[in-house]
Amino acid sequence: MIKTDALIIGAGPTGLFTAHQLKLIGLNCEVVDNLDKIGGQCIELYPDKPIYDIPAVPECTGEELTNNLINQLKPFDIKFHLSERVDEVKKNNGNWNVKTNKGTEFDTPNIIIAGGVGSFEPRKFNPKECEKFENTSIFYSVKDKSIFKGKIVSIFGGGDSALDWAIELSKDSKVNLIHRRDEFRGAQSTLDKVYELQKKGTINLYTKYQLKNVSGSNKLESVDIIHDNKENKTLKTDFVLGFFGLIMQLGPIANWGLNLDKKTINVDTEKFETNQKGIYAVGDICTYPGKLKLILSGFHEGALAARACFKLARPNEKYRFEFTTTSTNLLKRLGKKE
Amino acid sequence: MAKITYIEHTGKSYTINVENGLTVMEGAVQNDIPGIDADCGGGMACATCHVYVKEDWFNKVPSKTEGEDDMLDQAYEPKTNSRLSCQLVITDELDGLIVNLPEKQV
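Chains Z and A, in that order, are what the protein sequence lines are.
Just so you know, the first sequence maps onto residues 30 to 367 in the working numbering.
Just so you know, the second sequence maps onto residues 865 to 970 in the working numbering.
Excised from the complex, chain Z in its bound form (with noise of 0.2 Å):
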């Protein structure tokens, strides 16, 4: 279990910002991001894409805020949980509970939802029948190959990962490779590979056809595919694979007893509170009279959140407002002065 004062949930620009003025303010801080990279949004939607309304930074790419965001973090040591998800937040002794899908718990009094547009998911297969399926027959990633060893794999997909893995499990099992285009997104020799194995018979190639359904009893025995002709087909198989990229989705966070508007919580304008005590929303994943999605906004509502968690940390201690320029005690938390 891990004691901290604050937990933030979302390490994009808005995340790291809230860390920043927590740690300013004397507080301990943890970041968990269900992404394996720091930088949310702007670094898994954009990272190329021209920033032009960050005040006094007339011009950067989703990259560039990121990499300085990061770097303006450097004095402070904080602890980045990335590749885990928050699935679970309980109420316990006064503190909150909160547990990821790896395992990992925090006991807070403070917990910061920074998350964006939601979780980065990955899309699933439409059909209602393939949750039956699912993390049996059907996955969206790959976590041991060897259970494919020697089976039928029917992979939907037309990006790197569904090439890669293509090729790879080609290697010890009976592979389909099913695209709704012509067109594949790859690199050009990832492409090579998979029709010259398609030529040798290891991978059997449908384009323009996308799953329609898939059956079996107790484990999964086939899929039937349909052209866009509305031709289709009847594939046996053991396994499916789906990649289909990430989608964003309010995920977990929809059950945590929150007001919510659509896909934002909604909070108050003071704390950047939501109806929860104890529990912040602020940035993208925010609503309130006003609110306007910009990233200059998530700072200054992060910057509040942080001051909120100030008197729920420390109870004992009074909050003074300090400005860096000046404060000898934001100077040493900054390193500039011993």
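Treat the hints with caution; some may be incorrect.
[Said to hold, decoys possible] Chain A side only, calculated, beta carbon under 8 Å to chain Z, not exhaustive:
id : residue
1  : A902
2  : D903
3  : C904
4  : A909
5  : C910
6  : E932
7  : D934
8  : Q938
9  : E941
10 : P942
11 : V970
[Stated by the list, open to error] Counterexamples of contact, computed for chain A against chain Z with all Cβ distances above 12 Å:
id : residue
12 : K876
13 : N884
14 : L958
None of these hints come from the bench; they were simulated from the model.
In this text, all values refer to a predicted model and were calculated from it rather than measured experimentally.
Glycine included, each C-beta is placed from N, C-alpha and C at the ideal position.
Using the hints, position chain A against chain Z.
Same frame as chain Z, now just chain A:
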């Protein structure tokens, strides 16, 4: 200016005038038409403004640029007439355009 009709999965339809230069996505978002999320704000970086363009209109709308089909691979139930509505810039020629919205975006 073009009159654009958005038809929800349930059949409910909305017809509005959208100014030239805006996109079909922006027309929906600015007029509170449900069913288009546009999570990334129009950067062709997600697939949550996905629409189906009626067959007779499909060849008249601006054609796809590189990358749009890659994003559509990640959409919910993409079809041959799928488009990202953030890539459909309004001109007078699009007056009367009808787009159908998918059952959901995510």
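Hint check, failures only: 1, 6
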